[in-house]
Amino acid sequence: MPAVRQTVEHVAELETYKHGFVTAIDQEFAPKGLNADIVRFISAKKNEPEWMLQWRLEAFERWLALEEPDWARLKFPKIDYQDVYYYAAPKAKEGPKSLDEVDPELLRTYEKLGIPLKEQEVLAGVKGAPKYAVDAVFDSVSVVTTFRKELAEAGVIFCPISEALRDHPELVRKYLGSVVPVSDNYFACLNSAVFSDGSFVYVPPGVRCPMELSTYFRINAEETGQFERTLIIADKGAYVSYLEGCTAPKRDENQLHAAVVELVALDDAEIKYSTVQNWYPGDAEGKGGIYNFVTKRADCRGDRSKVSWTQVETGSAITWKYPSCVLRGEGSTGEFYSIAITNNFQQADTGTKMIHLGANTRSRIISKGISAGRSSNTYRGLVSAHPKARGARNFTQCDSLLIGKDCAAHTTPYIEARNGSARFEHEATTTKLSEDQLFYAMQRGLSQEEAVQLLVNGFVREVLQELPMEFAVEAQKLVAISLEGSVG
Amino acid sequence: MAMLSIKNLHASVDGTEIIRGLSLEVPAGEVHAIMGPNGAGKSTLSYVLTGRDGYEVSSGSVALNGEDLLALDPSERAAKGVFLSFQYPLEIPGVPALTFVRTALNAQRKARGEPEMTAPAFLKLARETAAGLKMDFEMLRRPLNVGFSGGEKKRMEIFQMAMLSPRFLILDETDSGLDIDALRIVSEGVNALRAPDRAMLVITHYQRLLDYVKPDRVHVLVKGRVVASGGPELALQLEKEGYDRFEKEAA
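Chains A and B supply the protein sequences, listed in that same order. Heads up, the first sequence is in the numbering used here, so the first residue is 278 and it goes up one at a time. Heads up, the second sequence is in the numbering used here, so the first residue is 152 and it goes up one at a time.
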């Protein structure tokens, strides 16, 4: 696989966290802190319909009654939710945005991040290279969405969720919160009250989305939380592949990110959702970094529907995230492919839930956790089969790789089979990156860093193969950066 | 000048001295065998020459073509042409053998300031080399050594050796775990690499391999030093008489 080699080549040019810059741009903020007025402020900023405001206020009321969960294997100081800005947006004129209207400083930011916002540049790319449309979210708002015309011709709606609330309220109202209920959990509830933007995708019946869709999330402002909301609906027989990327500047204080992603797949529909999460992880001493509390869930509502989650988690100081599938439709399929890497003082508690409700539902979990430095990496997963889920099948494989002697890996699987015909398989391994293997590779001519790279790439290969091609290479580079300096 | 020159080498592992004043010269174009009983320091010598962590040299010198080898790290030594065929080759899950070899080859080339080998040139070379070793090419697409038999692993070592085209080859117990057919194929592979600008150190416990890979010189290693050297007939003598005499002399 030439990509492996390519990674090795790239190792030399890598910096530790190259997305850590700040964009100097005029921004407007909501006052710091959280109360019902802030919720109203955000709703008003978005010109939302009254029902949406009520939805948010109700979420806020419920959030006040909830307590922050403490069951995860994560240690962090108490978050002061009143010490956060809940809304920050680049100052810009209202209305539909074309590229010409976007602040050039923002365009330069995305250029620096390697995100193609200019359609002609994407088109002028390598012959045969797949196109992908981008929704760029900067702090609390979406600044631009590309290829909308072409997508509209196919009947695909791809726009900021704030805009979908105005232009397609019936769709949003029907599906929002139908997968992750408002008070599902503490962070989802908070998100429901204050979410500011995110992407909305609707693929009509029988349509295969003509290109990859992607949203690029960027936190820029200080002391600001990002609360995005993504809603993707694949109607009967539709197909869509969606990718989410995230970065943030290097800062000494921790920043909060609490997103909610809801996927709905109707009969025979398929959604492939990939994440390359590269939030700022904090420095080598564990200072700074993003607190990432994310609720991602897919509802395989239709028969024979399929949802596949692929995630490459390399960033964040704290990761709390369990992309899940509710396998409601008969014969529906859920997949979860994950690479979670922690280095230095990072902590990750991540995994998935596969809830088998319908008959003959299938799920597959491949999780690869890599811990280095003094980090802690926990896989937490639930596989359950309800009485009606006759013939449900799951295969789970959880592999952990330890680099160095001060890191930790934990595997916490929960399995519940409430009918006799369910078949669940679980395999788990924990290995240490062996000195013998490293020496063997070095004796063949690889430097220590290259040897680690090669071995780690081998370890995660099964999952990388699930990513769309162009992102697999990116992800591989990211793996290299994340583990830099982890040995010797 | 000898290609490899070891002078009064002392080396220890975990504070225990294993190599105790070893001297050895291997001229270019020659194959030298190192024979000795268990615990004589044969494998330690191979790791000291390749620069493995934890193998501490306290005194003495090792030079390859006049250049101090001990100052280099393992990958630098590899780029200079030092290759070790491991007694127990490692399994590398998820990394196809071809990828592994190509990555190694290009890393070495880069270190030497040479251009990378192109993919077509590499594949052509790999096909020819595999055919020469009677290896199934499909095996090279599988993760390196994972689930391979002992014989397959040894053959894979020789494949890597042929692909990387090193200058100084160390074969550590390459015959162990091989049946007679595999031994013949592996030996042919090794013999094909004999060249005037190449030298080999064949480390073995038994004479068996030396029937196939004929050494120019044989050295007896006991308790970390060379206690006797001679022609190929020395190996035959050892086969007949064992190491007892040398061990008593060394004690």
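Keep in mind the hints are simulated off the structure, nothing from the lab. All of these numbers come straight from a predicted model, not from anything done at the bench. A couple of the hints might just be wrong.
[To be verified] Okay, derived cross-link-like pairs now, DSS-like style, lysine-lysine, Cα gap no bigger than 27 Å in a straight line: (1) K709(A) to K304(B); (2) K304(B) to K275(B); (3) K549(A) to K426(A); (4) K549(A) to K709(A); (5) K261(B) to K754(A); (6) K549(A) to K682(A).
Each hint tested on the structure:
1. K709(A) to K304(B): holds, 22 Å
2. K304(B) to K275(B): With Cα atoms ~22 Å apart, K304(B) and K275(B) stay inside 27 Å; holds.
3. K549(A) to K426(A): holds, 22 Å
4. K549(A) to K709(A): violated, 32 Å
5. K261(B) to K754(A): Status holds; Cα separation ~20 Å.
6. K549(A) to K682(A): Roughly 36 Å separates the two Cα atoms, so the pair is violated.
Violation of the numbered hints given earlier is confined to hints 4, 6; the remaining hints are satisfied by the structure.
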